[in-house]
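Protein chains in written order, with this note's numbering: chain E, 71 to 272; chain D, 77 to 152.
Rather than coming from a laboratory, the hints here were simulated on the basis of the structure.
These numbers come from a predicted model, not from an experiment.
Glycine included, every Cβ here is placed at the ideal spot set by N, Cα and C.
Some hints here could point you the wrong way.
As the list claims (entries may be wrong) - Calculated pairs, SDA-like style, for lysine to any residue (alpha carbon to alpha carbon, straight line, at most 20 angstroms):
no., chain 1, residue 1, chain 2, residue 2
1, E, K261, E, T201
2, E, K121, E, R92
3, D, K104, D, K118
4, D, K133, E, E113
5, E, K121, D, H147
6, D, K118, E, D228
7, E, K121, E, G82
8, D, K104, E, P187
9, E, K121, E, L76
10, E, K121, D, C145
11, D, K133, E, L86
12, D, K104, D, N85
13, D, K118, E, L174
What the hints assert, rightly or not - Only some residues are given here: those of chain D computed to face chain E with a beta carbon under 8 angstroms:
no., residue
14, M130
15, N132
16, E138
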Amino acid sequence: METDKLEQLRSGDPVLFAELVRDHHRALIALTVPIVGISEAEEVVQNAWLKAYQAIGSFAGKSAIRTWLGSIAINEAKMQRRQRKRELLFSDHGDENQNTEDGLAQRFTERGHWQHPPAHWHTDSPESLLTGEQLAECLERLLAAMPDNQRCILEMRDASGLSFEEICNALTVSASNARVLLHRARTQLFKLVDHYEETGEC
Amino acid sequence: MLSCRELVNHADRLLEDDLSFSARIAIKFHLLLCRHCRRYVKQLRRLVAAIPFMHNKATDEEVHKIMDCIHSHRNL
Ligand SMILES: [Zn+2]
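Please construct the entire structure, taking both the sequences and the accompanying hints into account.
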């Protein structure tokens, strides 16, 4: 974020803050659903926005704004869960049958060389790689079908940039399991984009 | 030598720059010789950079709801 804009945002400019809400709200919802459930996520995220607005003057701009907002939302979700004495929905096992399919396994020869190497991806900018109209639809379907724990780690680590330490802390998952889940989730996305870039379909 | 499959399994740590010295050397060496894996790593990097942008923007209604909530608290 440019310095001028950051200063303006820090001073509490409501127009700029509304822009933040527009850009990050859905990601924060996705982040908190696995912790508090879909029915409470909206309330949790609303409280997180309130806290973020009150604290925006202290946002130093060192981390990405998404990561800063994500930490606030995660803390809010943890607090809510403690207050309601709810069980965590997240579980780091239970998708063993997913292992048999093992992501890119069929794309290697027996000796582990590429048999079907990645296609050349034409789309360059990070903003547009996943947002092409047709691909966005397929991505939505893929995320909906993805095991909850994989999607949860993907949202926390890749969509919001939270550290593994924060993730393990919020979910009581070990770092090594979190890494395995993240790898599986990324691999599914990689396959989707690769197929789309290669064939124009998904 | 490291196989392509093994490289793919180490790629996440490569992106985070979280590898032992010897693992890093093995990977760099493999990448020097294997254009498929070079492409894989380059595109995985691009994918990871794109993930923060994968969500739709909030609707006007959603934005207004949050901003109204903020305004009502500010005036308390
Ligand atoms: Zn290779």
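Hint check results:
1. With a C-alpha separation of about 16 angstroms, the suggested pair E/K261 and E/T201 falls inside the 20 angstroms cut-off, and the hint holds.
2. Proposed proximity of E/K121 and E/R92 is supported: the alpha carbons are some 17 angstroms apart, at most 20 angstroms.
3. Simply put, D/K104 and D/K118 have alpha-carbon atoms about 13 angstroms apart, close enough for the 20 angstroms limit, and the pair holds.
4. Taken as a hint, the D/K133 and E/E113 pair is honoured in the structure, with Cα atoms around 18 angstroms apart against an allowance of 20 angstroms.
5. A distance of roughly 13 angstroms separates the Cα atoms of E/K121 and D/H147; the hinted pair therefore holds under the 20 angstroms criterion.
6. For the suggested pair D/K118 and E/D228, the alpha carbons sit about 16 angstroms apart, so the restraint of at most 20 angstroms is met.
7. Restraint check for E/K121 and E/G82: satisfied, since their Cα atoms lie roughly 12 angstroms apart, inside the 20 angstroms limit.
8. This hinted pair checks out: D/K104 and E/P187 have alpha carbons roughly 18 angstroms apart, not beyond 20 angstroms.
9. At roughly 18 angstroms between alpha-carbon atoms, E/K121 and E/L76 fall within 20 angstroms of each other, so this suggested pair holds.
10. Distance check on the hinted pair: E/K121 and D/C145 sit about 11 angstroms apart at the alpha-carbon level, within 20 angstroms; holds.
11. Of the pairs offered as hints, the one joining D/K133 and E/L86 holds, with about 15 angstroms between alpha carbons and a cut-off of 20 angstroms not exceeded.
12. Among the hinted pairs, D/K104 with D/N85 is consistent with the structure: their alpha-carbon atoms are about 14 angstroms apart, no more than 20 angstroms.
13. Between D/K118 and E/L174 the alpha-carbon distance is near 16 angstroms, which keeps this suggested pair within the 20 angstroms criterion.
14. The interface hint given for D/M130 holds, since its Cβ lies 5 angstroms from the closest Cβ of chain E, which is under the 8 angstroms cut-off.
15. The beta carbon of D/N132 comes within 6 angstroms of a beta carbon in chain E, closer than 8 angstroms, and the hint placing it at the interface holds.
16. With a cut of 8 angstroms, the hint placing D/E138 at the interface with chain E holds, because the nearest CB-to-CB distance is about 6 angstroms.
Violated hints are absent here; each numbered hint is respected by the structure.
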